[in-house]
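Undergrad: The primary structure of each chain is shown beneath.
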Amino acid sequence: MPKLLPRQYAKILYESTAGLSEKDMNAVVHAFVKILKTHQMLSKAERIIAEYETYAKEQRGVERVEITSARELSPGDAESIAAHIAHETDLSVKIDPKLIGGVVIRTRNTVFDGSVRAQLEKLRQQL
Amino acid sequence: MSYTDQVIASLKKNIESFKKEVQIEEVGTVIEIGDGIARMSGLEKCQAQEMLEFPGGTLGIALNLQEETVGAVILGSYTHIKEGDMVKRTGRIMSIPVSDALIGRVVNAIGEPIDGKSPISTKTFYPVERIAPGVMTREPVNRPMQTGIKAIDALIPIGRGQRELIIGDRQTGKTAIAIDTILNQKGQNMICVYVAVGQKESKVARIVSKLQEAGAMEYTIVVSAGASEPAPMSYLAPYSGVAIAEYFMDKGKDVLIIYDDLTKQAWAYREMSLLLRRPPGREAYPGDVFYLHSRLLERACNLNKEHGGGSITALPIIETQAGDISAYVPTNVISITDGQIFLETDLFYRGIRPALNVGLSVSRVGGSAQTKPMKKVAGSLKLGLAQFRELEGFAQFASDLDPETKKSIERGRRMTELLKQSQYSPESVEQQVVSIYAMSQGLYDAVDVSRVKEVERKFVEFMRASKPALLEKIQNGEWGEEIEKGLKEAISQFESK
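Protein sequences, first through last, are from chains P and F. Heads up: the first sequence at position 48 corresponds to 48 in my numbering, and the numbers run straight through without jumps. Position in the second sequence (from 1) plus 1000 gives the number in my numbering.
None of these hints come from the bench; they were simulated from the model. Glycine is no exception: its CB is placed at the ideal position from the N, C-alpha and C atoms. Check the hints yourself; a few may be wrong.
Derived contacts from chain P toward chain F, CB cut-off under 8 Å, selection only [claimed, not checked]: (1) 7; (2) 86; (3) 87; (4) 112; (5) 125.
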């Protein structure tokens, strides 16, 4: 089992490089990679880089939002939904006809399920 | 309206009144799954011991809340859960559905029925973990809980609200005592909860059918976490059982709960803790194995009148290995309970069943849990047996002893024989009292040891037939010179026959 999660490594990297000059940053990154080698986490380097990007964006207030819709959304709709969630968002839109209608909005920690499929499921349980 | 019309009308009404709402759920992602344990990232607002919903409707309990991850145990099969799956918060701290409809049913550790009958629908949920009632809500134990087993009711009496441990090696009759106690609660205004932890499913099936046969399921609930179910179910089952018992206690009822057995719960908890990477302590148990049992057993209590007057009497069972009562878990539970009933293997094989070691067994509540007649007659029995134990070693030299010693030994032998009792034959209080009183009056002294039980049976039959009024008085807890005189008369009448 790895000592820490990729996300935790990403956090450490972010915090230790915050506000440094280019020369210092290189030194820190070099040391960081050495630690990854000691922890045998080099194979997860891509994951850690991806988590770093997500974390850095979160710190700037940018949320990652994924909108799944049953049909194509009109232009501007997806952006206005995302605007309700955070100022700046890292938006991705998917189409899934199985939702029948409506949208499902997924942020890192919450799911807003406004799809018709979910409503039908809830109705089924009630009956 | 025909039935179909009614159903259609009800469906229409439900559909019309259905409110469309966006479902908001807090979620996390599975990053590691295996051995019934899942680690998730996300779930930032998850609370301790909160129930989480995994794909497929499987439930889990969040036990490890760490900075970036949540560790949960899964209650059920986990082979369909994959890394990357979404996990939802339910917002409910571990709780089970309770209702009066539970009586007579067999349920699993999360309250789902497993006896093949209709589902239990209820809106009442009781938390599985609850702080035990405080000092001011309790009252000292003062009402008897009759087990129907002479040796226990006379020498190690149990009261309503007490915790009495049944401890012994395997196959010494621990479950037998528990079942006989349940059978004896018929007509005693008690509700019984039998929690089977890690037992063979065949054993539980046999017990349920025996209870059904004897009509005991009319006041009994069985909670079962079988041996084939994952460890978290065994960990949870005793807590679910006591939550159900608390539901009835809060209504003012007296409840008897039997945990069969807590050793297996400790094993299950050890398994879970090791998989959750919690540091192992003595015998590889986690550091809080004492707290595991103490918080469970503290919930058995006797409430005072202002709080409803209900009670929960607990009979936890612990299995020892090779009679070692100084092992970790047995010593823990002995220090928590209000007394213990020791069952020994060699007593069992010598034919003394129930295989109680009267010398080492104790009930810290004692006489306050006995009716007046029983208190009076049990004293002589206790003394006689204690003397016998001291002299037992000399019994082989019977011919060289003085008459006093010989008499004590002979009396002691007959007392031991009298305390033997077959399984599934609980005896009522008045029956026990007259039987033991007859012993103190020397009724069995002239009888051969092997015929003591036969004579006892005949005497009890005689009393039932010719002195029912006297028996009723004793049953109601009366005692005095008159009753003693009546009994002495009855004994001489019986002897002359």
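Undergrad: Against each hint, give a clear statement of whether it holds in the structure.
TA: Going through the hints against the structure:
With 8 Å as the threshold, the beta carbon of residue 7(P) comes within range of chain F, its nearest partner Cβ sitting at about 6 Å, so the hint holds. Hint status for residue 86(P): violated, given a least beta-carbon distance of 16 Å to chain F, over 8 Å. The interface hint given for residue 87(P) is violated, since its Cβ lies 20 Å from the closest Cβ of chain F, which is over the 8 Å cut-off. Because the beta carbon of residue 112(P) sits about 6 Å from the nearest beta carbon in chain F, less than 8 Å, this interface hint is met.
Interface hint at residue 125(P): violated, since its Cβ lies 11 Å from the closest Cβ of chain F, which is beyond the 8 Å cut-off.
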